[in-house]
Amino acid sequence: MEEGANGTVTPLASMFPADEAQKAAGRVQDAIAEKRRELDRVRGFAADNAALVNLVQKLPEELHHDVMVPFGKAAFFPGRLIHTNEFTVLLGEGYYAERTSKQTVEILRRRGKALETHVDSLKSIIEDLKTEASFFDKTASEAAEGLVEIREELSGEESDEGSSELGQKEDGPSISVEDKGKILNEDEEYDRLMSKLDELEKEELAAEAADNIEEETNEVDPDVVSDQSSFHQNLKDLEGSHSCMPPSHSERQASNEEFLRQTRQQPALVEKLNPGDFTIASSQKDKTSHGNDLLWNLKGPDIADKSPKLPALEENDHAGSSNNEVPIQPPKPKVDSLRAFTGSIIEHSPNLPINPREPSATSSKVPGSQSSKPLSRFRMQRK
Amino acid sequence: MDNYRLDKVHKFEEFVDQRLKPDLVRAVSERDKVFEQQKTFSDLRKNIENLQKNSVTSLRTLVNLGSEAYMQAEVPDMQRIFVDVGLGFHVEFTWSEALNYISLREEKLARQIEEYTHHIASIKAQIKMVYVTRKYAYAFASLLNRLNMLVHHF
Numbered sequence: 001m002e003e004g005a006n007g008t009v010t011p012l013a014s015m016f017p018a019d020e021a022q023k024a025a026g027r028v029q030d031a032i033a034e035k036r037r038e039l040d041r042v043r044g045f046a047a048d049n050a051a052l053v054n055l056v057q058k059l060p061e062e063l064h065h066d067v068m069v070p071f072g073k074a075a076f077f078p079g080r081l082i083h084t085n086e087f088t089v090l091l092g093e094g095y096y097a098e099r100t101s102k103q104t105v106e107i108l109r110r111r112g113k114a115l116e117t118h119v120d121s122l123k124s125i126i127e128d129l130k131t132e133a134s135f136f137d138k139t140a141s142e143a144a145e146g147l148v149e150i151r152e153e154l155s156g157e158e159s160d161e162g163s164s165e166l167g168q169k170e171d172g173p174s175i176s177v178e179d180k181g182k183i184l185n186e187d188e189e190y191d192r193l194m195s196k197l198d199e200l201e202k203e204e205l206a207a208e209a210a211d212n213i214e215e216e217t218n219e220v221d222p223d224v225v226s227d228q229s230s231f232h233q234n235l236k237d238l239e240g241s242h243s244c245m246p247p248s249h250s251e252r253q254a255s256n257e258e259f260l261r262q263t264r265q266q267p268a269l270v271e272k273l274n275p276g277d278f279t280i281a282s283s284q285k286d287k288t289s290h291g292n293d294l295l296w297n298l299k300g301p302d303i304a305d306k307s308p309k310l311p312a313l314e315e316n317d318h319a320g321s322s323n324n325e326v327p328i329q330p331p332k333p334k335v336d337s338l339r340a341f342t343g344s345i346i347e348h349s350p351n352l353p354i355n356p357r358e359p360s361a362t363s364s365k366v367p368g369s370q371s372s373k374p375l376s377r378f379r380m381q382r383k
Numbered sequence: 001m002d003n004y005r006l007d008k009v010h011k012f013e014e015f016v017d018q019r020l021k022p023d024l025v026r027a028v029s030e031r032d033k034v035f036e037q038q039k040t041f042s043d044l045r046k047n048i049e050n051l052q053k054n055s056v057t058s059l060r061t062l063v064n065l066g067s068e069a070y071m072q073a074e075v076p077d078m079q080r081i082f083v084d085v086g087l088g089f090h091v092e093f094t095w096s097e098a099l100n101y102i103s104l105r106e107e108k109l110a111r112q113i114e115e116y117t118h119h120i121a122s123i124k125a126q127i128k129m130v131y132v133t134r135k136y137a138y139a140f141a142s143l144l145n146r147l148n149m150l151v152h153h154f
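Those protein sequences? They're chains A and B, same order as listed.
Quick note: the first sequence uses the UniProt record's numbering, first residue 1, plus one each step.
Quick note: the second sequence uses the UniProt record's numbering, first residue 1, plus one each step.
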């Protein structure tokens, strides 16, 4: 353990005061007791249900049963049970059903299953509460002992004392904090990206049938990268074939493609994806930025309000520059969106030179383009 | 010394509240139970009177087998009725005997309710007394405080 110059020593007691932790533990214990009581109640119901199933099965064996028929809560009449195979069962909400013995048994079995799931859920809740209580107990005892948490700035090593969730021991100074952070960020973003992809995939499948606007994508300006048209073709087929994409970036391109397919219909989600999308793009070469352009172009026809971005991307394309330009988003378009585009775009790395150009380009385009296809804006922009 | 007295008053009041308030709650719940019993018997009486009036001899009902599963039941002869007389016993009555018994029972229940009401009223009075005393004690204690301060000044 290294003693760093910049470190903080905080007694655990200050973070989790001992008596408060104990009070919290007490509260959790109460909650546990309550859940246990409910569990017992539900178990009682389940037992009653089982007994009733037995009874319902046995009653039809006789034509009549002599019983004491209750009359209110405090009186009985001697009488007999008749029609011993007919049962009137409550289905809930004041609805009853007349059923035979067998059918009633089925109903009761289903009720029993529901009760069992309830019991299981209660049990899991109790387990969670128990772990919570044990955590509180442990914290209370630790705090009482005067355990101390030591945090040090990373000078190659990070060490801790006390709570296990704070910090880990690092191997040597080879990995600086920033690098680690960067790598973590990229991985995190990639993971986030993939999970968003999955979400969008599902949504896209749902929205697939309704959309037939892909034909417009064929009118993309030929000046744009040749990949685009074939790419559009692919998208038209709603296939994720990667044949047209440069093989070297197949993996990431595929994800972009999926983006395109999936996010075509989801303009609102696009902005969420963009930062991640561009983050990945930023780590790749220019061709990937083309892919992003494709992404934008494809979305163009479908999403009128997105079109202002296309020229921006075209500019990026022209610049053929670093991928940092790609993430530049035009400022909020004033177009009336056909979709629920909130206009909030998360920009990853602002690239100042391009920004001032965009608003003017956007605003000049916007008034004239509301009725025309977004792709023609491309041409306008090109010329 | 006045602080000490204040503390005492405070403690006394807390102690009383911890005892009196739960007592009150318990007494009220007991009285509610008796109320329910009274209602049960009065319902029974009304029903029997109804049956008598309409000269009903037989009856068809749905009997709860537990968990809201009902079965038809028939009472062919309604001359005998078994009424709960407490301690798990049910006595066989004819209608008029049953009505007689029920009215006696209702009287007894009414007397019990009266007792509970008295008890509840006394607990409430005690609580009120504690609050009033505390108010006066505080006022008194603060007055004494002020007097003390004045005295110490001179």
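Just to be clear, a hint being listed does not mean it is correct.
Capping the alpha-carbon separation at 30 Å, the derived lysine-lysine pairs in DSBU-like fashion look like this [said to hold, decoys possible]:
#1 B:K21 / B:K46
#2 B:K11 / B:K21
#3 A:K73 / B:K108
#4 B:K128 / B:K46
#5 B:K124 / B:K8
#6 A:K123 / A:K58
#7 A:K123 / A:K138
#8 A:K73 / B:K33
#9 A:K35 / B:K8
#10 A:K73 / B:K39
#11 B:K135 / B:K39
#12 B:K46 / A:K23
#13 B:K33 / B:K124
#14 A:K73 / B:K46
#15 B:K128 / B:K8
#16 B:K8 / A:K23
#17 A:K73 / B:K128
#18 B:K46 / B:K33
#19 B:K21 / A:K35
#20 A:K102 / A:K35
#21 A:K23 / A:K102
#22 A:K23 / A:K35
#23 A:K130 / A:K113
#24 B:K33 / A:K23
#25 A:K130 / A:K58
#26 B:K53 / B:K39
#27 B:K21 / B:K135
#28 B:K108 / B:K33
#29 B:K33 / B:K8
#30 B:K108 / B:K11
Derived, one-sided and incomplete: chain B residues facing chain A with beta-carbon distance under 8 Å [unchecked claim]:
#31 D23
#32 L44
#33 V63
#34 Y136
#35 Y138
Don't read these hints as lab results, they were simulated from the structure.
The structure displayed is predicted, hence computed values, not measured ones.
Just so it is clear, CB atoms sit at the ideal spot from N, CA and C, and this is done for glycine as well.
Proposed proximity, B:K128 with A:K73 (alpha carbon, max 30 Å): violated, 39 Å
B:K124 paired with B:K8 [C-alpha distance capped at 30 Å]: Status holds; Cα separation ~22 Å.
Restraint status (C-alpha distance of B:K33 to B:K124 at most 30 Å): Cα-Cα ~20 Å, so holds.
Satisfaction of hint between B:K39 and B:K135, Cα-Cα up to 30 Å: violated, 42 Å
Evaluation of the interface hint that places B:D23 against chain A, nearest CB under 8 Å: This hint is violated: B:D23 lies away from chain A, its Cβ roughly 23 Å from the closest one there, beyond 8 Å.
Pairwise hint evaluation, A:K35 against B:K21, where the allowed Cα distance is 30 Å at most: Holds, at about 27 Å.
Given pair status - B:K135, B:K21, alpha carbons within 30 Å: holds, 18 Å
Given hint B:K39 paired with B:K53 - CA-CA distance at most 30 Å: holds, 21 Å
Satisfaction of hint between A:K35 and A:K23, Cα-Cα up to 30 Å: holds, 18 Å
Pair hint outcome, B:K108 versus B:K11 [Cα-Cα no greater than 30 Å]: violated, 41 Å
Restraint outcome when B:Y136 is required to lie within 8 Å of chain A by C-beta distance: violated, 35 Å
Given pair status - B:K108, A:K73, alpha carbons within 30 Å: It holds: about 18 Å lies between the C-alpha atoms, which stays within 30 Å.
In summary, the structure is inconsistent with hints 1, 4, 6, 9, 11, 12, 17, 20, 21, 24, 25, 29, 30, 31, 34, 35 from the numbered list given earlier, while agreeing with the others.
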